[in-house]
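With the sequences and hints as input, model every part of the structure.
So the protein sequences, as listed, match chains V and G. Going by the working numbering, the first sequence opens with residue 278, and the numbers climb by one from there. Going by the working numbering, the second sequence opens with residue 278, and the numbers climb by one from there.
Derived by calculation from the structure, the hints in this document are not laboratory data. Do not take every clue at face value.
[Stated by the list, open to error] Mimicking DSBU-like on lysine-lysine, the simulated pairs with C-alpha atoms at most 30 Å apart in a straight line are:
#1 G:Lys337 with V:Lys520
#2 V:Lys778 with G:Lys520
#3 G:Lys337 with G:Lys428
#4 G:Lys778 with V:Lys696
#5 V:Lys391 with G:Lys759
#6 V:Lys530 with G:Lys778
#7 G:Lys520 with V:Lys696
#8 V:Lys776 with G:Lys776
#9 V:Lys696 with V:Lys778
#10 V:Lys778 with G:Lys759
#11 G:Lys696 with V:Lys530
#12 V:Lys528 with G:Lys391
#13 V:Lys778 with G:Lys530
#14 V:Lys420 with G:Lys520
#15 V:Lys690 with V:Lys776
#16 V:Lys759 with G:Lys428
#17 V:Lys415 with V:Lys428
#18 G:Lys337 with V:Lys696
#19 V:Lys420 with G:Lys530
#20 G:Lys696 with V:Lys520
#21 G:Lys530 with V:Lys481
#22 G:Lys664 with G:Lys689
#23 G:Lys528 with V:Lys481
#24 G:Lys664 with V:Lys528
#25 V:Lys520 with G:Lys778
There are 2 protein chains.
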Amino acid sequence: MHEQVKEVLDAYSDGGFTAMHEMDLPFPSLTAVSAITGSAFTSGVLGHWVLTQCAANLLKAFGSPDLIAKYHEPLTDGRWTGTMALSETQAGSSLVDISTKAMPTETPGKYFIKGNKMWTSGADHSMTENIVHMLLAKTPDNKISLFLVPKSIVNDDGSLGERNDYTINGVNHKMGCRGLSNCYWSLGDNSDGATGFLIGEEGKGLHAMFLMMNEMRIHVGLSAALCGKRGHLESLNYALERKQGRNPVTKEKETIVNYADVKRMLLTQKVHSEGALALCLLASSLADSAKTSEEDKHVLDVLIPIVKSWPSEFCLEANKWAIQVLGGYGYTSDFPLSQVYRDNRLNMIHEGTHGIQSLDLLGRKVAGPGFPLLIERMAGCVERAVKTGDDEIVPMASQLQSAVERLVGVTKKLGGVGKAGDVQLMLANSHDYLNMAGTTVIGWLWLEMAIAAKAKSSDSSDSFLHGKVNACQFFMIHELSKTQHQARLLESLDDTVIKTKVEEL
Amino acid sequence: MHEQVKEVLDAYSDGGFTAMHEMDLPFPSLTAVSAITGSAFTSGVLGHWVLTQCAANLLKAFGSPDLIAKYHEPLTDGRWTGTMALSETQAGSSLVDISTKAMPTETPGKYFIKGNKMWTSGADHSMTENIVHMLLAKTPDNKISLFLVPKSIVNDDGSLGERNDYTINGVNHKMGCRGLSNCYWSLGDNSDGATGFLIGEEGKGLHAMFLMMNEMRIHVGLSAALCGKRGHLESLNYALERKQGRNPVTKEKETIVNYADVKRMLLTQKVHSEGALALCLLASSLADSAKTSEEDKHVLDVLIPIVKSWPSEFCLEANKWAIQVLGGYGYTSDFPLSQVYRDNRLNMIHEGTHGIQSLDLLGRKVAGPGFPLLIERMAGCVERAVKTGDDEIVPMASQLQSAVERLVGVTKKLGGVGKAGDVQLMLANSHDYLNMAGTTVIGWLWLEMAIAAKAKSSDSSDSFLHGKVNACQFFMIHELSKTQHQARLLESLDDTVIKTKVEEL
Chain V
278 MHEQVKEVLD
288 AYSDGGFTAM
298 HEMDLPFPSL
308 TAVSAITGSA
318 FTSGVLGHWV
328 LTQCAANLLK
338 AFGSPDLIAK
348 YHEPLTDGRW
358 TGTMALSETQ
368 AGSSLVDIST
378 KAMPTETPGK
388 YFIKGNKMWT
398 SGADHSMTEN
408 IVHMLLAKTP
418 DNKISLFLVP
428 KSIVNDDGSL
438 GERNDYTING
448 VNHKMGCRGL
458 SNCYWSLGDN
468 SDGATGFLIG
478 EEGKGLHAMF
488 LMMNEMRIHV
498 GLSAALCGKR
508 GHLESLNYAL
518 ERKQGRNPVT
528 KEKETIVNYA
538 DVKRMLLTQK
548 VHSEGALALC
558 LLASSLADSA
568 KTSEEDKHVL
578 DVLIPIVKSW
588 PSEFCLEANK
598 WAIQVLGGYG
608 YTSDFPLSQV
618 YRDNRLNMIH
628 EGTHGIQSLD
638 LLGRKVAGPG
648 FPLLIERMAG
658 CVERAVKTGD
668 DEIVPMASQL
678 QSAVERLVGV
688 TKKLGGVGKA
698 GDVQLMLANS
708 HDYLNMAGTT
718 VIGWLWLEMA
728 IAAKAKSSDS
738 SDSFLHGKVN
748 ACQFFMIHEL
758 SKTQHQARLL
768 ESLDDTVIKT
778 KVEEL
Chain G
278 MHEQVKEVLD
288 AYSDGGFTAM
298 HEMDLPFPSL
308 TAVSAITGSA
318 FTSGVLGHWV
328 LTQCAANLLK
338 AFGSPDLIAK
348 YHEPLTDGRW
358 TGTMALSETQ
368 AGSSLVDIST
378 KAMPTETPGK
388 YFIKGNKMWT
398 SGADHSMTEN
408 IVHMLLAKTP
418 DNKISLFLVP
428 KSIVNDDGSL
438 GERNDYTING
448 VNHKMGCRGL
458 SNCYWSLGDN
468 SDGATGFLIG
478 EEGKGLHAMF
488 LMMNEMRIHV
498 GLSAALCGKR
508 GHLESLNYAL
518 ERKQGRNPVT
528 KEKETIVNYA
538 DVKRMLLTQK
548 VHSEGALALC
558 LLASSLADSA
568 KTSEEDKHVL
578 DVLIPIVKSW
588 PSEFCLEANK
598 WAIQVLGGYG
608 YTSDFPLSQV
618 YRDNRLNMIH
628 EGTHGIQSLD
638 LLGRKVAGPG
648 FPLLIERMAG
658 CVERAVKTGD
668 DEIVPMASQL
678 QSAVERLVGV
688 TKKLGGVGKA
698 GDVQLMLANS
708 HDYLNMAGTT
718 VIGWLWLEMA
728 IAAKAKSSDS
738 SDSFLHGKVN
748 ACQFFMIHEL
758 SKTQHQARLL
768 ESLDDTVIKT
778 KVEEL
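Pasting the structure below:
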């Protein structure tokens, strides 16, 4: 790791931000703080601490008192970092295919682990004195279980003991996210196995992981949203200063922010990134309330694939436009735009690819109780918007209403195809469905923001508040309207993709 | 430069490929050969030799016999490379604002040049013994003129003489296209000026450059198309081998090419990159026939902003999906996908940004004689398609016909707004217009390909030929249909972007 990454991480933990996660603060507050600290250095700050926090949470939820006593505190005070070691070379999206084996020893809860892991973020570095891996492996009966595998094993007196037997075999040379290492490694090459401690029960590994999954997927969406917003702000700053070309009337050199196409690129970034951020804050809030409200839990379930995916695709698009505002300068490392663009490209891939999220949404989630509840909440927003009687809000209420109706219609039609037994046809264009559902949800959140802005002040000269209303209008006209095309495609049950022969690709 | 770049360039010129440009071959043949050689290493091969060839062509077209004798041959036999030195720090898209000055000397045609240049591709390297810059500077009467500025000045006996007085001040650290340096440099810091030789007449610099512009813009489109096609082939290879997850019926490990969403990603890449390549070949052909046909010249004029832009935007999108097919592997340098993605991002920027191309198309070109001719040619294709009476072709003819009618309608409506004096409103959504026109043109070329494939064989088991028909169907249903949404937006004369206040961005 570049030595400056350690400086950043130290500043983060010295500032008390790692401890923040232990303070029982509302999740949306954590998300909001992460948004500010993380946007400065998404892979370095957000990457390391999200992983560490997830590892700490898993340990606290399922670990034995002895393991918690030894390993939990250093993960939460910023002394150590944590990882999630799930994938293997042959098992990325398909975790049931992992081949790493865990053999029980005579000591209860202690196992010897042999095998290999791939794509482990933060798997090794020298920035902290210990690293704690949360690792999936199969016990002899082939059950997938969760283990704590420390870099250095903690002695009973709390001191650091022997170095565990695993070997970092290499670093994956990623296009971006260079503030966080990513390694392939093998366990137990030089012994009976690396030492691992069972977390929870044997065979409950995937179950435990899935409890973390929602949180991790919100963080991926957040990371994408932050890259989007960072790009928006950096390119806006540039556009406000850069002069190029001539004003057609005055013939003076023109500041580029005044050109229509530059405004389009900035507005696109604004609606994508602020819409995505609103979605992440909503999901964070639901993750809290889901603990006491079954309804909120169901709504969150249906939103999760959207939270993971929509920001990842559309804030990458936003970063494309951020570079474009700067022209050649955006393509160089003199400005941070090419970095956020490279960083952001990862978010469509990790924690479940787009394709997998779209199958989760259309093939599973929308058939559950969360979907009608989500529709109800969107319809409630439409109703409140109409009641404002506001000249700018009411037309947008009707745009959202149409989009929600389209989503309901398409979902019903596709659900019918699935129920009739043709699951393959139902899922043939699931990526378009994911985008359509996501764009509708973001349209809803923009309308909520516009209503809130208007409620604060209807004075259109308040540029922050009216900027929200204006951005909402832009989203409705330029983005939400695309769901018409998507709905038509989905309702036509087009089977071009599935009928395409492999040799014709 | 990495030393392997020189090996590649040497192999290219040793193979006689640089000489190819002097053989009066049809331009489409050159494009086709460049497509094969260039796709292996777009920035290194295509970048260096397109620039060198453009420099050689400019010299041949406008240079004095003495300059041609001294500088032309080494540019065409691969001994030297050439550059186009246009932009300056304050003058990127707006070349009239350049400030580099050229003072005449006592020797006719010889000038002393002082100033600076920015974004010069291939401005310096040690791979060849000389570099020849085609450089724009202003003569004392403020006229923009074109100069040949050699790195080493050629003596009368043909030997290399003194090193010219310019200084490379730095390299622009680009996100991609690392096979081609890009520098900022200053001329005449240590003397009365760097030596430059006038090419053509004083004040005719931009005119000369514009004659090269069409060719350079076709090459940008080609470069984007090649990145797209390279990504398609690499990700197809991977998808044919990689196993992940289970077949829902057999429960065996499944090769990922069989998943619907992977097929979608491969088909999207195929239609974007092969459509873009067809467009570049058409434009190359028109560039030849334009020399004898006024009509072809007009059609080429209207196509040029599309050739430059559509491949650049949609083949970048294709590369996004190429990475996605590989998942995490696509994000690493173990595979070439992240490289082509980084490389391709430049194409939306250089040789006139997207924004500028869209103004050129909608604000100028479609009002000229080329647009009705283009429409006529597309209508002719529809007619031929209908006449085939083929079950697969006829429905696509009707899809294209609707799209062409939409384009005509939108163009007429926007033209009317412009004629009524509201140019700002006409151009408010010019980027959407550029995409709509481009997608319609690519739809046309796909239909041409499908007709040609069917004419060769209507046997659907010929997977190459029927793959073209199938890809055309995919394009019509999944891509061309988007022009409905774009047409609605454009016809609504939406002014959200232009009415947005700068403080609301």
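Each hint, compared with the structure:
Annotation: proposed proximity of G:Lys337 to V:Lys520 is violated, straight-line Cα distance about 36 Å (limit 30 Å). Under the criterion of a C-alpha separation no larger than 30 Å, the hint pairing V:Lys778 with G:Lys520 is consistent with the structure, at around 18 Å. Only pairs whose Cα atoms come within 30 Å are accepted, and G:Lys337 paired with G:Lys428 is accepted, the gap being roughly 19 Å. A threshold of 30 Å between alpha carbons decides the hint, and for G:Lys778 with V:Lys696 the separation of about 50 Å lies outside it, so the pair is violated.
Between V:Lys391 and G:Lys759 the CA atoms are separated by roughly 52 Å; this puts the pair beyond 30 Å, and the hint is violated. Distance check on the hinted pair: V:Lys530 and G:Lys778 sit about 19 Å apart at the alpha-carbon level, within 30 Å; holds. Taken as a hint, the G:Lys520 and V:Lys696 pair is honoured in the structure, with Cα atoms around 29 Å apart against an allowance of 30 Å. With a C-alpha separation of about 46 Å, the suggested pair V:Lys776 and G:Lys776 falls outside the 30 Å cut-off, and the hint is violated.
This hinted pair checks out: V:Lys696 and V:Lys778 have alpha carbons roughly 26 Å apart, not beyond 30 Å. Proposed proximity of V:Lys778 and G:Lys759 is supported: the alpha carbons are some 25 Å apart, at most 30 Å. With a C-alpha separation of about 26 Å, the suggested pair G:Lys696 and V:Lys530 falls inside the 30 Å cut-off, and the hint holds. Only pairs whose Cα atoms come within 30 Å are accepted, and V:Lys528 paired with G:Lys391 is accepted, the gap being roughly 27 Å.
Among the hinted pairs, V:Lys778 with G:Lys530 is consistent with the structure: their alpha-carbon atoms are about 19 Å apart, no more than 30 Å. Proximity of V:Lys420 to G:Lys520 is assessed by CA-CA distance (about 22 Å); at most 30 Å being required, the pair is judged to hold. For the hint pairing V:Lys690 with V:Lys776, the CA-to-CA distance comes to about 20 Å; that is within 30 Å, so the pair holds. For the suggested pair V:Lys759 and G:Lys428, the alpha carbons sit about 53 Å apart, so the restraint of at most 30 Å is broken.
Our distance criterion of 30 Å between C-alpha atoms is met by V:Lys415 and V:Lys428, whose separation comes to about 20 Å. Proposed proximity of G:Lys337 and V:Lys696 is contradicted: the alpha carbons are some 70 Å apart, above 30 Å. Under the criterion of a C-alpha separation no larger than 30 Å, the hint pairing V:Lys420 with G:Lys530 is consistent with the structure, at around 19 Å. Restraint check: the Cα-Cα separation between G:Lys696 and V:Lys520 comes to about 29 Å, which is no more than 30 Å; the hinted pair holds.
About 23 Å separates the Cα atoms of G:Lys530 and V:Lys481, which keeps this hinted pair within 30 Å; it holds. Of the supplied pair hints, the one linking G:Lys664 and G:Lys689 holds, its CA atoms being roughly 29 Å apart against a limit of 30 Å. A threshold of 30 Å between alpha carbons decides the hint, and for G:Lys528 with V:Lys481 the separation of about 23 Å falls inside it, so the pair holds. Of the pairs offered as hints, the one joining G:Lys664 and V:Lys528 is violated, with about 54 Å between alpha carbons and a cut-off of 30 Å exceeded.
The straight-line distance between the Cα atoms of V:Lys520 and G:Lys778 is roughly 18 Å, inside the 30 Å bound, and the hint therefore holds.
Checked against the numbered hints given earlier, this structure breaks hints 1, 4, 5, 8, 16, 18, 24; the rest are met.
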